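Undergrad: Residue numbers for the sequence shown follow my numbering, beginning at 1 and rising by one.
Rather than coming from a laboratory, the hints here were simulated on the basis of the structure.
Note that the structure is predicted; figures quoted are calculated from it, not measured.
Backbone N, C-alpha and C fix where the C-beta goes; we use that ideal spot for every residue, glycine too.
Be aware that a few hints might be false.
As the list claims (entries may be wrong) - Capping the alpha-carbon separation at 25 angstroms, the derived lysine-lysine pairs in DSS-like fashion look like this:
(1) Lys230 / Lys162
(2) Lys156 / Lys106
(3) Lys271 / Lys69
(4) Lys156 / Lys101
(5) Lys101 / Lys230
(6) Lys106 / Lys164
Stated by the list, open to error - Have a look at the derived ranges for each label pair, beta carbon to beta carbon:
(7) Met21 / Pro206: 39 to 45 angstroms
(8) Met21 / Pro204: 33 to 39 angstroms
(9) Glu270 / Glu89: 50 to 56 angstroms
(10) Pro264 / Ser132: 29 to 35 angstroms
(11) Leu215 / Asp114: 49 to 55 angstroms
(12) Glu270 / Leu215: 22 to 28 angstroms
(13) Lys230 / Glu126: 35 to 41 angstroms
(14) Glu190 / Glu126: 43 to 49 angstroms
(15) Gly153 / Tyr290: 53 to 59 angstroms
(16) Ala213 / Ser132: 45 to 51 angstroms
(17) Glu217 / Phe291: 50 to 56 angstroms
(18) Asp294 / Gly124: 45 to 51 angstroms
(19) Cys161 / Glu29: 21 to 27 angstroms
(20) Ala240 / Leu215: 19 to 25 angstroms
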Amino acid sequence: LDSYTMAEPMPAERAARFLMMASFGPTRESLHGLTAVMTEAGVEHSIATWVENQMNHVPPTLHRAYWRKRVSPRVFPSALTGGARPVCEVGSRFHVYAFTKADIGKAVEATFDDAAGAYTLSVGGELRTEASVFVPEVLAPFLVCAVDERLGGDVKMGSDCKNKAAVATLANPAIHFARADADHVATVDESTHVFVELSSRSGPNPEVLILSALLGECGIVGAFVQLKGKFYRHDRHRLALLENTPDSPAAPPASSRHACPVVPRTFLNEKTCVERPECAPLEYPTNTHYFTLDEAALRAFYTRSGKHVYF
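When you get a sec, could you build the whole thing from the sequences and use the hints?
TA: Listed below in structure tokens is the structure:
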């Protein structure tokens with residue numbers, strides 16, 4: 001073979017090659033659209049127009065926005081980023097297993113009921129479940145050392161978490177009450193409370209339910225609900241995230257314990273940033289104390305907040 005002449009690529013081939021490099025891959029719609037423009041206006045002009053349109057007119061499909069709508073991290077009272085999601089709010093989370101990682105370090109009390117033939121377990125002074133078996137009493141007082149959050153997962157507890165001889169392993173039991181007390185357990189059904197199973201990489205998880213819709217009065221006043229004969233406990237330490245977009249800015253929190261809903265300025269939001277007087281009041285209390293903004297003060301800002309301060 002002495003020579004080879006390659007045929008001029010067709011507009012559809014050029015469009016497909018460009019979209020494979022400039023996007024997450026062409027769709028039939030994007031391929032047909034760019035091919036039509038290339039056929040009519042030429043390759044260079046079409047690509048320049050496509051890039052300009054993507055940068056200035058097409059809203060970005062941000063993974064962060066998708067993630068924030070679905071993430072449910074745990075939050076504790078010491079956090080200043082937000083508050084926990086209330087039990088009757090859509091998105092609240094319930095689990096069927098008795099122990100969670102939030103119990104680590106807490107004391108467990110076990111009382112045996114001869115009539116029922118079961119232990120009544122309380123964690124941190126709060127009723128948790130009834131169980132037919134428990135760890136040996138010789139390991140009392142019982143502290144939760146480690147938890148595998150699933151039915152049958154290992155729950156390690158004992159008198160000294162650092163001493164293996166003082167720790168026993170209990171299978172994480174399902175929440176169960178032989179006689180459900182209305183003060184602690186609310187019986188619900190799908191006519192008013194719509195739940196969906198938690199989605200994970202391995203598929204739906206029936207051990208964790210998410211409240212997806214509330215079609216009537218909530219009626220949940222305690223920590224537990226009973227649905228289709230199973231008992232679930234509200235995971236009250238899950239963070240409630242706020243929608244904070246240019247079209248729907250978040251309202252300042254009612255409690256001063258929570259931080260104002262602000263985000264860092266980036267190239268994505270710099271044109272739509274809005275000053276919120278509620279987050280940075282222009283008037284300060286009359287008992288304001290003044291200090292000299294010198295090197296020592298700047299260093300104190302940095303060491304306390306962990307953030308750089310520029311002067």
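Undergrad: May I ask which of the numbered hints given earlier this structure violates, with the numbers listed in increasing order?
TA: 1, 9, 10, 11, 12, 13, 14, 16 and 19
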